[in-house]
Amino acid sequence: MAVLDPVRPAFRAVGQTVVPEAARLTESEWAAVEDIVEQALATRPPRLQRQLVTLIRLLQWLPLFRYGRPFTALDPTHRTRFLAAIQDAPVLLLRRGFWGLRTLVLMGYYARPVAATEIGYQADPRGWEARRP
Amino acid sequence: MTERVYEVVIIGSGAGGGTVAQALAPMVRDGVRILVLEKGPRLADGEFTGREMEMATALYEDGGGFLTADGTMTLAFACTYGGSTVVYTGTSLTAPERVVRHWNVPGLDHADVVRRSEKYLRENNVHLLGPDALNDNNRLFVEGGRRAGYHVEQFPVNVKGCRGSSFCNLGCPNQAKQGTNRVQLPAAERDGVEVVTRAEVLRIEVDRSVVVRVGEKPAGGKGAPSEWAPGDYRVRGKIVVSAGGAIGSPALLLRSPLPTPRCLGDGFTCHPALILVAEHPRAITNDVGHPKSFFVDRGAEERFVLETCMYFPFTTAKAITGFGAAHSAMVRAFPRLQMILVLACDHATPGNRITADAAGKPVVHYRFTPETVDGLVRGTVASAKIFFAAGALRVHAPFADPPLIDARDAARVEALITTRHWRPGKTTVSAAHLMGGCGMGRSAADSVTDVWGRVHGIPWLRVADASLFPDSLEINPYVTIMALADRVAEGIREDARELLA
Ligand SMILES: Cc1cc2nc3c(=O)[nH]c(=O)nc-3n(C[C@H](O)[C@H](O)[C@H](O)COP(=O)(O)OP(=O)(O)OC[C@H]3O[C@@H](n4cnc5c(N)ncnc54)[C@H](O)[C@@H]3O)c2cc1C
Ligand code: SF4
Chain Y
1 MAVLDPVRPA
11 FRAVGQTVVP
21 EAARLTESEW
31 AAVEDIVEQA
41 LATRPPRLQR
51 QLVTLIRLLQ
61 WLPLFRYGRP
71 FTALDPTHRT
81 RFLAAIQDAP
91 VLLLRRGFWG
101 LRTLVLMGYY
111 ARPVAATEIG
121 YQADPRGWEA
131 RRP
Chain A
1 MTERVYEVVI
11 IGSGAGGGTV
21 AQALAPMVRD
31 GVRILVLEKG
41 PRLADGEFTG
51 REMEMATALY
61 EDGGGFLTAD
71 GTMTLAFACT
81 YGGSTVVYTG
91 TSLTAPERVV
101 RHWNVPGLDH
111 ADVVRRSEKY
121 LRENNVHLLG
131 PDALNDNNRL
141 FVEGGRRAGY
151 HVEQFPVNVK
161 GCRGSSFCNL
171 GCPNQAKQGT
181 NRVQLPAAER
191 DGVEVVTRAE
201 VLRIEVDRSV
211 VVRVGEKPAG
221 GKGAPSEWAP
231 GDYRVRGKIV
241 VSAGGAIGSP
251 ALLLRSPLPT
261 PRCLGDGFTC
271 HPALILVAEH
281 PRAITNDVGH
291 PKSFFVDRGA
301 EERFVLETCM
311 YFPFTTAKAI
321 TGFGAAHSAM
331 VRAFPRLQMI
341 LVLACDHATP
351 GNRITADAAG
361 KPVVHYRFTP
371 ETVDGLVRGT
381 VASAKIFFAA
391 GALRVHAPFA
401 DPPLIDARDA
411 ARVEALITTR
421 HWRPGKTTVS
431 AAHLMGGCGM
441 GRSAADSVTD
451 VWGRVHGIPW
461 LRVADASLFP
471 DSLEINPYVT
481 IMALADRVAE
491 GIREDARELL
501 A
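Those protein sequences? They're chains Y and A, same order as listed. Counting along the first sequence from 1, when you hit position 99 you're at 99 in the numbering used here, and nothing is skipped either side. Counting along the second sequence from 1, when you hit position 67 you're at 67 in the numbering used here, and nothing is skipped either side.
To be clear, the hints were calculated from the coordinates, so they are not data collected in a lab. Note that CB positions come from ideal geometry on N, CA and C, so glycine has one too. Some hints here could point you the wrong way.
As the list claims (entries may be wrong) - Sample of chain Y residues at the chain A side, in silico, Cβ under 10 Å:
no. : residue
1   : Val7
2   : Ala40
3   : Thr80
4   : Tyr121
To be verified - Quick list of the computed label-pair ranges, beta carbon to beta carbon:
no. : chain 1 : residue 1 : chain 2 : residue 2 : range
5   : Y       : Thr54     : A       : Pro131    : 53 to 59 Å
6   : Y       : Ala42     : A       : Gly46     : 21 to 27 Å
7   : Y       : Val114    : A       : Glu371    : 48 to 54 Å
8   : Y       : Arg50     : A       : Arg332    : 31 to 37 Å
9   : A       : Arg98     : Y       : Arg50     : 47 to 53 Å
10  : Y       : Val114    : A       : Glu3      : 19 to 25 Å
11  : Y       : His78     : A       : Ala407    : 29 to 35 Å
12  : Y       : Trp30     : A       : Pro259    : 52 to 58 Å
Unchecked claim - A short, non-exhaustive set of chain A residues, derived as facing chain Y with CB atoms under 10 Å:
no. : residue
13  : Thr57
14  : Gly63
15  : Pro131
16  : Asn135
17  : Gly164
18  : Val288
19  : Ile320
20  : Phe323
21  : His327
22  : Val331
23  : Leu404
24  : Ala407
25  : Ala411
26  : Pro424
27  : Thr427
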């Protein structure tokens, strides 16, 4: 079973808040994002994988107390507001947990070659030769 | 467990291990069997693709995501034939006189470090790149730096046939960087030193043997299979050299049943660093050309050093604080981005140390002192001034709230960028200059080794890597590591008759 399986909708909702362009990803593009994340997680200790799932669950249900709805049911503005509060939380564990999750989302999204092209990144092993006419 | 016998066993093949291997290689002619055990794999030239995740996974410990114990800093170090010299940028500086004086290690003379460093500068083809090889990212740093009143210097780099791919930190796809994987290790192997990869040393025993686990090549992974069949080995040696790096060596010695000094693991420093980006009005050449050609050294005065740099899409996105639309807009400005790396000159501090967990894995305890945070903040202010002086429209400064500073606020950067906005766990801080843990010094009361890398009380055990530094070097460390490893090799040659008897 993949690490993200039990929390996939919440992971994607966080993903779209971190990288708004992710809202336009197709199912197969999401699969590519998640594949990168799963590969990175595969070599990490099971304890860390469990902590990640717990954090995503926490992010899904914490908004219930503040907004009366889980994270996936919030509109983009409220999702952003909620994650901004977590990012600045007084508790290091929460800040660092969100930083880790944000890192995984950015990895999944921007490590895809198509995303590199999308942002105009053109580095090439041939260096100058590939750039100068 | 299979047994093997050698006279000299070197653990690790990076800047330190590769240097010792080459320096001792002539002893092979006299019948001395020398073995290098390297935990990581040996990659073929064609396997260096420059693809970010693929190369990070293949070359770095934890794929580049190794975190300190409290999770507030990422430590980058490689695990492959050539160690971190495979992923370094190759900037080649010699140790400052004031730093060696401050280290205060009896018998360590700055002139000796310089003399040995010069040997490796020559061997590694260190030189200044010509103006044609410089990209806009580097040129803007020079122009902005000079306009903002900073003394900008050019980095000598150790390249041969650099094509300017900008992939240095993902391993050079053109074999241009002169790391130990290109220079010292192949030379040692030609002289008869054996290098075994995918061979992790689990512990060193009091009878001078080392217990090694040789791993299988994972399916689909990069690199050649190990030179030895997978399995557990006991390698009997007479001289053991630990060169596993500033994290690998202390962890290995801590999990070994040896009477090592109590301060083993102490004195860890790492030049914590921030990647800063600024947006220009037009596209600049940034992802082509050697990435790191210039620096500003304010270590002595303000505890920071600035370097030019250029990273890859994910690393860049990770470095930019925050998330959402503003974050995306900055990443999407990639072709217009200028980048500067701010490094803080941290110092050995009680509590900042390496320990081993129950499984023997390294745990790095690191707390940011107010002085280190101050160095990062001052470096960020200086970078913002340089960015704006170079014509940037917007600067991303993690120590400002909000982090994006517009050019119209350029005159207020000192007021906007302050330690008040420092939030460990929110800002991406990373470090690649890992130092200390087996520091040199006078006796077991204050250090782990003497000035020849000899572990106090264990004359057959030597350390030859960045862990020898008693405090931070305040500049890029690999040349000094090679110089110290060269001393360690000389000490071994001098003691060889007695130790090999
Ligand atoms: C991205 C990056 C950029 C850098 N850029 C520069 C630069 O431009 N200039 C500069 O001066 N410095 C630079 N550095 C720093 C420099 O590369 C290191 O300081 C230097 O390589 C450290 O040398 P070392 O011998 O201590 O360790 P390493 O070079 O890291 O080598 C240690 C080796 O030991 C192996 N090992 C560890 N434990 C074991 C074990 N138990 N069994 C077997 N093998 C083991 C590891 O796999 C590794 O290969 C950079 C580093 C990084 C990561
Ligand atoms: S910039 Fe030069 S040294 Fe660096 S990876 Fe490219 S070719 Fe190699």
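Looking back at the numbered hints, which does the structure fail to meet, lowest number first?
-> Result: hints 1, 7, 10, 15, 23, 24, 25 break, sorted rising.
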